[in-house]
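Produce the entire structure from the sequences given, and follow the hints as far as they go.
Going left to right, the sequence shown walks through residues 199 to 633 as this note's numbering numbers them.
Where hints are given, some of them may not hold.
[Unchecked claim] Pairwise CB distance ranges, derived in the manner of DEER restraints:
#	residue 1	residue 2	range
1	R524	E565	19 to 25 Å
2	D362	E297	30 to 36 Å
3	D601	T352	18 to 24 Å
4	D601	G526	26 to 32 Å
To be clear, the hints were calculated from the coordinates, so they are not data collected in a lab.
Quantities reported herein were computed from a predicted structural model and do not represent experimental measurements.
Every residue, glycine too, gets a C-beta built ideally from N, C-alpha and C.
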Amino acid sequence: MFSETRYARNGDLRVAYRASPPGERDIVFVPNWFTCCEVVPELTSIQGWIEAMTSLGRLIFFDQPGTGASDPVSPGALPTLEQWSDSITAVLDDLAVAEAVLYAADGAFSAAALFAATHPSRTSALIAVESYADAKTIRSDESIIEAMAASWGTGEIQRAMNPDMPWNEEIRAGWARMERLAASPSTVALMLELVQELDVRAVLPTIRVPTLVMHHGNDQVIVPAMGRYVADNIAGAKYVELPGRNAYHFVEPWHESFQVVHEFLTGHQAEAADDRVLATVLFTDIVGSTRMAAEIGDRNWHALLDAHDAVVRSQLARFRGREVNRTGDGFLATFDGPQRAIRCAMAIRDAVQPLGIEVRAGLHTGECEIRGDDIGGIAVHIGARVSALARANDVLVSSTLHDLVIGSGLEFDDRGNHQLKDVPGEWQLFAVTTG
Numbered sequence: 199m200f201s202e203t204r205y206a207r208n209g210d211l212r213v214a215y216r217a218s219p220p221g222e223r224d225i226v227f228v229p230n231w232f233t234c235c236e237v238v239p240e241l242t243s244i245q246g247w248i249e250a251m252t253s254l255g256r257l258i259f260f261d262q263p264g265t266g267a268s269d270p271v272s273p274g275a276l277p278t279l280e281q282w283s284d285s286i287t288a289v290l291d292d293l294a295v296a297e298a299v300l301y302a303a304d305g306a307f308s309a310a311a312l313f314a315a316t317h318p319s320r321t322s323a324l325i326a327v328e329s330y331a332d333a334k335t336i337r338s339d340e341s342i343i344e345a346m347a348a349s350w351g352t353g354e355i356q357r358a359m360n361p362d363m364p365w366n367e368e369i370r371a372g373w374a375r376m377e378r379l380a381a382s383p384s385t386v387a388l389m390l391e392l393v394q395e396l397d398v399r400a401v402l403p404t405i406r407v408p409t410l411v412m413h414h415g416n417d418q419v420i421v422p423a424m425g426r427y428v429a430d431n432i433a434g435a436k437y438v439e440l441p442g443r444n445a446y447h448f449v450e451p452w453h454e455s456f457q458v459v460h461e462f463l464t465g466h467q468a469e470a471a472d473d474r475v476l477a478t479v480l481f482t483d484i485v486g487s488t489r490m491a492a493e494i495g496d497r498n499w500h501a502l503l504d505a506h507d508a509v510v511r512s513q514l515a516r517f518r519g520r521e522v523n524r525t526g527d528g529f530l531a532t533f534d535g536p537q538r539a540i541r542c543a544m545a546i547r548d549a550v551q552p553l554g555i556e557v558r559a560g561l562h563t564g565e566c567e568i569r570g571d572d573i574g575g576i577a578v579h580i581g582a583r584v585s586a587l588a589r590a591n592d593v594l595v596s597s598t599l600h601d602l603v604i605g606s607g608l609e610f611d612d613r614g615n616h617q618l619k620d621v622p623g624e625w626q627l628f629a630v631t632t633g
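Here it is as structure tokens:
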């Protein structure tokens, strides 16, 4: 979905960026000081938000100088606010974009504010999320900086900043990898000292672009009063306070925040309903189907497929599964109970064996987006990747699903950790043995 990482010139520095396909408008995600655009677009935690935002236009991620895949700054020198603002110009120029929406998250507001004030003709709108104008108003001290540097690279700081975000080992590992590729612990400590001095209060009255300021009402670090100050000092700015504690509006729960952004940019509320549910996804397919079809001929193969399909649908009905679609020689189905999904997969495996067929099955439990009769979302991608690693007669499940059926009587064989294509982090997989 996102382009391969490219580089834009910001003076003598090269700024790394990635962009989704072109859309109705361009939306630049202005980063704070610790991102890696190689990893951020692939993070499991933000896939739903990315899908929603790309419905509004092209989404562009980049890394500020000194972090991520961008050039380091000169030895012994720290990046400047001007360099951070100029990075936005560099990326827009490289993409030949005349103007863009700036989405400034967390500590990125200073750079976005300076750009919007300096280049109003290139800023179609400014969206400030959990923003502050004067970093010294944030409760911080040397011990906090030391604690962040000490835990950097583990992902745990992301959980502390976003206590409402769903959390498991895979999510932690994905954020941990992003941190390590964004900056070293020493760089984090060094940059935080600079960040604490940022103050753009004088810039606010000079911003003359449509501005939306959003804040979570229970954020205990960047408190709502900071966001209200920003809105009060930008002419015509709209302030919206939402329930929640997260520093990020692009991790769960992000839907209400997105609805506000959608209406701000388009003038009307999003038409798509909030149809996201937790479900267990099952993928099945016939092992060696191409070889078998060649051996028995088209007519016999189609008759065998019909028998296979009847068996699968019978078992789906038995275990309350919902057929989503056929996938060539297999099925995609969802279940409202993880244990039922596993037992259905086992029943399908056993029931097709008298037909001379071997199947493999892959399952994962996660949040799915309901799109009419179809489904989408990262959980579906993970289920497909798990299925691709299954062997003949395997019922292979992710660790997420494995943990949800503890105490069910099902037994598993640990198949170790795996990299799933296009899915960040390592995933521990388990094959069902008995139950």
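field: Numbers of unmet hints, in rising order
entry: none
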